[in-house]
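Engineer: Below are the chains, spelled out letter by letter.
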Amino acid sequence: MALLQISEPGESPAPHQRRLAIGIDLGTTNSLVATVRNSIAVVLNDADGHPLLPSIVRYLADGSVQVGFSAEAQQARDAKNTIVSAKRFMGRGLKDVPYPENSPYDFVDAPGMVQIRTVAGVKSPVEVSADILRTLRVRAEASLGISPGAAAGGSDAAELYGAVITVPAYFDDAQRQATKDAAKLAGLNVMRLLNEPTAAAIAYGLDNAAEGIYAVFDLGGGTFDVSILKLSRGVFEVMATGGDSALGGDDFDHRLFCWVLERAKLAPLSDEDTRLMLSRARQVKEDLTNHVEARFNARLSTKEVVDVVVNQQDFWDMSQTLVAKTLAPTRRALRDAGLAAADVKGVVMVGGATRMPHVQRAVGELFGQVPLNNLDPDKVVALGAAMQANALAGNRSSEEDWLLLDVVPLSLGIETMGGLVEKVIPRNSTLPVSRAQEFTTFKDGQTAMAIHVVQGERELVSDCRSLARFELRGIPPMAAGAARIRVTYQVDADGLMSVAAREATTGVEASVAVKPSYGLSDGEITRMLRDSFEHARDDVHLRALREQQVEGSRMVESVRAALAQDGDLLSVEERAAIDAAISVLEKSMAGSDHRVVKAAIERANHATDAFAARRMDRSVKSALAGRNIATI
Amino acid sequence: MENRYRDMQREVHPDRFSTGTASEQRQSMEMATRVNEAYRTLRSPLLRARYMLELDGGDVAAETNTAMPREFLMQQMGWREALEEAAEARNAKQLDALDAQVGAELDATFADAELALDGRDGVTSTSLVRKLMFLDKLREEIGAAQERLEN
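Residue numbers (the working numbering), protein chains in the order written: chain A, 1 to 632; chain B, 1001 to 1151.
Extracted from the complex, chain B is given alone in its bound form (with noise of 0.2 Å):
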C-alpha cells in the first residue's frame, strides 16, 4: 500500500505540474488531496474500519449517537480517573501503565472487530468500532497528558 501511494503521487502530486496551468495544478491539488485522504484511511486501524463499515452500509452515528453498554461506560470513567490523577500527581510511570492498559484493549477490540466486519455481522461491527473509537479517543488524551508532563 505504501508503495502504491508513492507511486501515485508521483503521478498526480502538484509539484509535478509547478509547470503547468493553473487548471492543472488546481485539478492535481484536489487529486493528490484525494489520494493522501485515502491512505490516510487506509493506514489507520480505526478509520479503516469504519470505513469498511459504512461500505457495507453501516453507521456509526458518531455526533448524535453516544448511548454504549453500561460495563464499557463504566470501565472508561476508571480510566479517564485514572487519567486525572496521574496527570494531577505529574505521575509518568503511571501515565505508562494506563497508556499501555489502553493499548493492549485497543488490540483486542481490533480483533473482535476484524472479525466482526469479515463476517458481515453490521450490529457487532457497529458496537465495536464505537468503542474503538472512545478508547482511540482516550488514548490521544493520555498521549497529550505524556506531552504536557515532558514540557
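With the rest of the complex left out, here is chain A (with noise of 0.2 Å):
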C-alpha cells in the first residue's frame, strides 16, 4: 500500500477509483463506441461481432424502433420511417435540407428544426439521433460489465461517468446543440463535445508519438472538415479548421444516382425506389475504389430493371466538382494557420469517402506528398474521442499526459447598422478565449440598445446564422456617439458562449448566455425526455435525484482530493467551513430530494471558492517557476 501518494489536478487519486468513460463518434453512416481500457483505446464491438453500427433509424407502429442492422435492412422497404444520415438534419431547417425531392420522407418544417412524420408519430433529428446513442450506450454498459441504469450517489455500483461525442469541427452552434440534446435524451453524462478532426489528430498523435504539423482531411458521410494541427510534446493545438457541414460521401451517391437515372431514362420513382437506387449508387461507389468499373443493377418495384455499367473515370468525371469542393477550404486552413502546403509533415486521411481514389489523388497532389492511410479511417474519430474521454474523467496517468487546445471554427460577431456583421471572435480563436468591443449609440437620447449574436463568415447579417438577442436597457440619454458600450464575448472550452454588454459611464449591464435561437426549446426537450422516460418506465423525478447524488458525489470527491494535496492553503476556520459543508452535502444526498442535493452543491460550491483560487495561483506559481534542476 502506497504511504503517500502526490497527485497532479486532472489525475485519478487512487487507480482503483477508475472512472468509466467512452468516446462515441455519432456519423452520418456509421456510429461507433470506443473506452480506454488498460491504457490502450479500443472500439466495443456489438453482441455480433460488428464494430460498426448503421446510423439508421426504423420507427414501426407499434411504437418499436429498430436501430442499425435490422433497421437497414428494411429500408428500401418501409423507406417513409427508416431513417437514414439524421445527421444531416440536425439543428436545420427544412430550407438547408439537401434534396428533399429524392428524399422519402415525410419533412415537417418545425421552427426549431426540420421534423419528419413517421407512423410512430412526428420525429426530430434529435430524437433520432438519441436512438443511435442510446443504442451505443447499452452496448458499452454490457461491455464495460455496468448493470443498465447503475444509480450512483454514494453507492459502490460502476455506473458510466460520462462520454465525449464527436462532431464535425465546422458544425455550428445549432448543430452542436442539437448533438447535446440528443444526448441528454439518451441518458448520457457529455463531458465534452469533440471536433471530429481533432479526435483523429489525438489518436493518430498518441499512437504514433507524432511531432510537427500534421493535416487531418476528414470527410465523411455528410459532413467534410479540414484540421491543422501542431503536435509538440504532448500538447495538440489546433491552428486552423476549416469545412463544409453539408458536404459528404452521400452526395458523391446523390451523383451517380442522378447519372444513372438520367442514363436510364426512368420515370419519377417511388420512394421505395429512390431509397433502394441510393443504396445501390453506394455500393457501385464502393466498388469503384478498387476496380475500373461496376455494374449497376437494380429490380424496381415497377417491375422496371436497371442495368448500368459504370466506369471508374465517369464517376470521377462526375463528381469532380465535389472533389473540388473539398480543396477550396483546404486552402483556406492552411492560409488561416499561416502555413504553405509543403510545411505540413503528414496529411492523415479519415472518414469511409476517403477511400476514393481522385478524393487520395487530389489530396496528394495539393500537398505534394502520398497521405497517410496507416490508420482504420472509420474507426480513428471514436478513438481518439475514448482518449479525449478517459482524460477528461481523470483518469491519466503521467506517461498519459497531452493536453489539446481547439479553436473556434466559425467566426462569432454582432449586427452593426445595416444589417452588416462586425466579427468579434474571429474564427480560429484557440478556445477559451474573450474578446470585447466598444460600441456607441447612434440616436440622441437613445437608452436602449438591442445586441445581436451571430456566426458565420458572411459580411451580411442574413448569410449568418442568428445565435442570441437581447437588449442592454437603462443607458442615460446623451447624445448620438457619446456612449460608450462595451460588449464581451467568451466561449470557454466546451464551446459554450456568453455575451455580456456594459455601459462605461452607469455600468448598467445586460448579458446572456446563449443558446442557439435554431435549436430546441427546453420545453421540447422536456416532452421528450417525458416520453422516453414514459417508454422506459422510468421516473422523472428519479432521474433528476441520480442527476444531483452524481454531481454532488464529483463535488464532494474532487473536494477531498484537492483538501489532500493543498489544505495547507487553508487555515483552521477555513478548513471547518469546507468540511462542514461536504458534511452537509453528504447528507443531502442521502435524501430523496434532488432539490435539497442541488441548493447543498451551491453551498459547497460558494464555500470553496476562495480556496480554488489560492490553488489555481499555486498551479501558475509553479509554471512561472521553471523546471527545477532534476528534470532539466
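No lab work stands behind these hints: they were computed from the structure.
It is possible that some hints are incorrect.
To be verified - In silico contact screen, one side only, chain A against chain B (beta carbon under 10 Å); selected entries:
1) Met-191
2) Gly-234
3) Leu-403
4) Leu-431
5) Pro-432
6) Val-433
7) Gly-456
8) Glu-457
9) Leu-460
10) Asp-492
11) Arg-554
12) Asp-609
13) Phe-611
14) Met-616
To be verified - In silico EDC-like links for lysine to aspartate or glutamate, alpha-carbon gap of 16 Å or less:
15) B:Lys-1131 to B:Asp-1112
16) A:Lys-423 to B:Glu-1141
17) A:Lys-265 to A:Asp-307
18) A:Lys-80 to A:Asp-271
19) B:Lys-1137 to B:Glu-1081
20) B:Lys-1131 to B:Asp-1107
21) A:Lys-598 to A:Glu-551
22) B:Lys-1131 to B:Glu-1114
23) A:Lys-184 to A:Asp-463
24) A:Lys-80 to A:Glu-101
25) A:Lys-95 to A:Asp-463
26) A:Lys-345 to A:Glu-365
27) B:Lys-1137 to A:Glu-471
28) A:Lys-230 to A:Asp-343
29) A:Lys-345 to A:Glu-211
30) A:Lys-621 to B:Asp-1007
31) B:Lys-1137 to B:Glu-1105
32) A:Lys-95 to A:Asp-106
33) A:Lys-230 to B:Asp-1007
34) A:Lys-423 to B:Glu-1140
35) A:Lys-325 to B:Asp-1007
36) A:Lys-325 to B:Glu-1147
37) A:Lys-80 to A:Glu-272
38) A:Lys-230 to B:Asp-1107
Bear in mind that the values here come from a model prediction, so they are computed numbers and not experimental data.
C-beta: ideal position from N, C-alpha, C; glycine also.
Can you join these two chains into the complex? Each is in its own frame, and there are hints to help.
Structural biologist: Structure below.
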C-alpha cells in the first residue's frame, strides 16, 4: 500500500477509482463507441462482433424502434419510417435539407428544426440521434459490466461516468446544441463535444508519437472537415480548421444516382425505389474504389430493371466538382494557419469517403505528398474520443500526459448598422477566449441597445446564423455617439458562449448565455425526456435525483482530493467551513429531494471559492517557476 | 515562448480541472483565457508592438484619431484602388502582387518600429504602430479578396 500519494490536478487519486468513460463517433452513415482499457483505446463491438452501427433508425407502428443493421435491412421496404443520415438534419430547417425531392421522408417544417412524420409520430432528428446514442450506451454498459441504469450517489456500483461525443469541426452552434440535446435524451453525461478531425489527430498523434505540423482531411458520409494541427511535446494545438458541414459521401452517391437516372431514362421513382437506388449507388461507388468498372443493377417495384455499367473515369468526372469543393476550405485552413502546403509533415485521411482514389489523388497533389492511410478511417475518430473521455474523467496517468488546445471554427460577430456583421471573435481563435469591443449609440437620447449575436464568415447578417438577441436597457440619454458600450464575448473550453454588454458611464449591464435560437427549446427537450422515460417506465423525479447525486459525489470527491493536495493553503477556520459544507452535502445526498442536493452543491461551491483561487495561483506560480534542477 | 505557453496551459487549462469544483473550473477558464490572450499578443508583431507602446505609456488612440501623414494616405488610397480593380477583374496574379507589395511595406515598417520602440522614442513609435495598423487591415482585406476569388 502506498504511504504517500502525490497526484496532479486532473489525475486520478487512486487507480482503483478509475471512472468508466466512453468516446462516441456519431456519424452520418455509421456510429461507433470506444473506451480506454489498460491505457489502450479500443472500439467496443456489438454482440455479433460488429464494430460499426449503421446510423439508421426505423420507427414501427407499435412504438418499437429498430436501430442499426435491422433497420438498414428494411430501409428500401419501409423508406418513410426508416431514417438514414439524420445527422444532416441536425439543427437545420427545411430549407437546408439537401435534395428533399429525392428524400422519401414526410418532412414537417417545425420552427426550431425540420422534423419527420413517421408511423410512430413526428420525430425530430434529435430523437433519431438519441436512439442511436442510446443503442451505443447500452452496448458500452454491457461490455464494461455496468448494470443498466446503475445509480450513483455514493454507492459502489459501477456507473458510466461520462461520454465524449464527436461532431464535425465545422458544425455551428445550433448543430452542436442539437447533438448535446440528443445525448441528454439518451441518458448520457456529455463531458465534451470534440471536433472529429481533432479526435483523429489525438489518436494518430498518440499512436505514432508524432511531432510537427499535420493536416487531418476528414470526408465523412455527410460532412467535410479539414484541420491543421501542431503536435509538440504532448500538446495538440489546432492552428486552423475549415470545412463544409453539408458535403460528404452521400453527395457522391447522389451524383451517381442522378447520372444513372438520366442514363436509364427512368420515370419519377417511388420513395422506396429512390431509397433502393441510392443504396445501390453507394455500393457502386464503393466498388469503384478497387475496380475500373462496376455494374449498377436494380429491380424496381415497377418491375423495371436498371442495368448500367459505370466506369471509374465516368464516376470521377461526374464528381470532380465535389472533390474541388473540399480543396477550397483546405487551402483556406492553410492560409489561416499561416502555412504553405510544404510545411505540413503528414496528411491524415479520415472518414470512409476518403477511400475514393480521386479524393486521395487530389489531396496528394495539393500537399505534394502521399496521404497517410495507416489508420482505419472508420475507427480513428471514436478512438480519439475515447482517449479524450479518459483524460477528462481524470484517469490519465503521467505517461498519458497530453493536452488539447482547440479553436472556434466559425467567427462570432455582432449585428451593426445596415445589417452588417462586425466580427468580435475571429474563426480559429484558441479556446477559451474572450474579446471585447466598444460600440456607441447612433441616436440622440437613445436609452436601449439591441444586441444580436451571429455566427459565420459572411458580411451580411442575413447570410450568417443568428445565435441570440438581447437588450441593454437603462443607458442614460446622451448625444449620439457619446455612450460607450463594451460588449464582451466569452467562449469556454466546451465551446459554450456567453455575451455581456456594459455601459461605461453608468455601469448598467445585461448578459445572456447563448442557447442557439435554432435548436430545441427547453420545453421540447423536457417533453421528449418525459416521453422517453414513459417508454422506459422510468421516473423523471428519480432521474433528477440521480443526476444531482452524481454531481454531488463528484463535488465531494474533488474537494477531498484538493484538500489532500493543498490543504495547507487553509486556516483552521476555513478548513472547518469547507468540511461542514461537505458534510451537509453528503447528508443531503442520502435524502430523496433533488432540490435539497442541488442547493447543498451550490453552498459547497461557494464555500470552496477562495480555496480554488489560491490553488490556481499556486499552479500558475509553479509554471512560472520553471523546471527544477532534476528535470533539466 | 511557445514552450512556455504550452507549459502554462498544461497547468491552468480547464481540461485539467474537468473533475474539479465549479469554482476551480471557472477560475481555470479565466486563467486559460488570459494565457491565450497573452500568447496571441506576444506572437503577433503588430499586437506586440502596440502592447509595448502601451506599456511605455503610449496610446495609439485607434478609435478616435485617424489623422495620418498625407503621403501615407495617398499611398493607401493607391493600394486600395488597386485592390478594388484586381478584385473586380478577378485577377489573382494582381492580388498576389499587391499582397507581396503591402507585405514588404509591413516588414520595412516593422523594422523601423522595432528601432523606435527599442529607443523609447514615443512619438515615432506611435505613428509607426498606427501605420502598421493601417497596413495590417489592408492586408487582411487583400486576403479576404483572395479567398472570395478561390470560392
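Engineer: For each hint given before, does the structure comply? Return the numbers of the non-compliant ones in rising order.
Structural biologist: Result: hints 7, 9, 23, 27, 35, 38 break, sorted rising.
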